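Novice: Sequence:
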Amino acid sequence: MTPHPTQEPAQERGRRRRATLLDAAVTLLTQNGFTALTHRAVAQHAHLPLAATTYYFTSRDHLQAEAFAQLIHNELHTTRTWLTPHGITALPDHLATTDRARQLSLWELYTHAGRHPTLQHIARRWTDGCRHLIATAHHLTPDDPRTHLLHTTMTTLWLQHTVEQRPLDDLRTLLHTALKNTLNTPHPLPTLPP
Numbered sequence: 243m244t245p246h247p248t249q250e251p252a253q254e255r256g257r258r259r260r261a262t263l264l265d266a267a268v269t270l271l272t273q274n275g276f277t278a279l280t281h282r283a284v285a286q287h288a289h290l291p292l293a294a295t296t297y298y299f300t301s302r303d304h305l306q307a308e309a310f311a312q313l314i315h316n317e318l319h320t321t322r323t324w325l326t327p328h329g330i331t332a333l334p335d336h337l338a339t340t341d342r343a344r345q346l347s348l349w350e351l352y353t354h355a356g357r358h359p360t361l362q363h364i365a366r367r368w369t370d371g372c373r374h375l376i377a378t379a380h381h382l383t384p385d386d387p388r389t390h391l392l393h394t395t396m397t398t399l400w401l402q403h404t405v406e407q408r409p410l411d412d413l414r415t416l417l418h419t420a421l422k423n424t425l426n427t428p429h430p431l432p433t434l435p436p
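For what it's worth, the working numbering labels the leading residue of the sequence shown as 243, then goes sequentially.
Just so you know, these hints were derived from the structure itself, not from any lab. Keep in mind that a hint or two might mislead.
[As the list claims (entries may be wrong)] Here are the simulated distance ranges between beta carbons:
#1 418 with 315: 26 to 32 Å
#2 384 with 292: 41 to 47 Å
#3 411 with 323: 45 to 51 Å
Bear in mind the structure is a predicted one, so any value in this text is a computation, not a measurement. Where a beta carbon is used, it is the ideal one built from N, C-alpha and C, also for glycine.
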């Protein structure tokens, strides 16, 4: 039996419904953190029945992991748009145009993942993805120690600015200094004495 021409197939409707729930979960996650992420809250935010969330996400842990993974995917896409063309020097301009509350939520989620082994591997995707983007932007390899150093510098300054609201000019100066010193360092880096 073929479906009615105006009816979409059940599989497509199911994919769309799951995506709607996941979008709602990501929104709640970024606004209020993991504690706000319940099946009931997601269903209400998505304007769908509670049974839909429990059908697609069998437990709260499953819902949190899927929402966190989608959030990391979205953030890597956003980071790629500003980091790849300009490298880490674009961070101050990015922070100047970014919603601070959202950034605070992202960092809270990242540190929250450290307490939950099921979320740690998802958090590593963010770190590995950012390192890959930095390597590409600065013509390095992801496993180059300079890539790790630039990533650590970028994330530390990003976190400090987000939490402490330090001046962007200070951040810009530190990034330029880090880039100059890191990229002018020969590879492999000299070994430290024991």
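Novice: Each hint: holds or not?
Specialist: Verification of the supplied hints:
A hinted range of 26 to 32 Å for the beta carbons of residue 418 and residue 315 is consistent with their spacing of about 30 Å. One distance hint, 41 to 47 Å for the beta-carbon pair residue 384 and residue 292, holds here, with the actual separation near 42 Å. Remark: the range hint 45 to 51 Å for residue 411 to residue 323 is contradicted by a beta-carbon distance near 23 Å.
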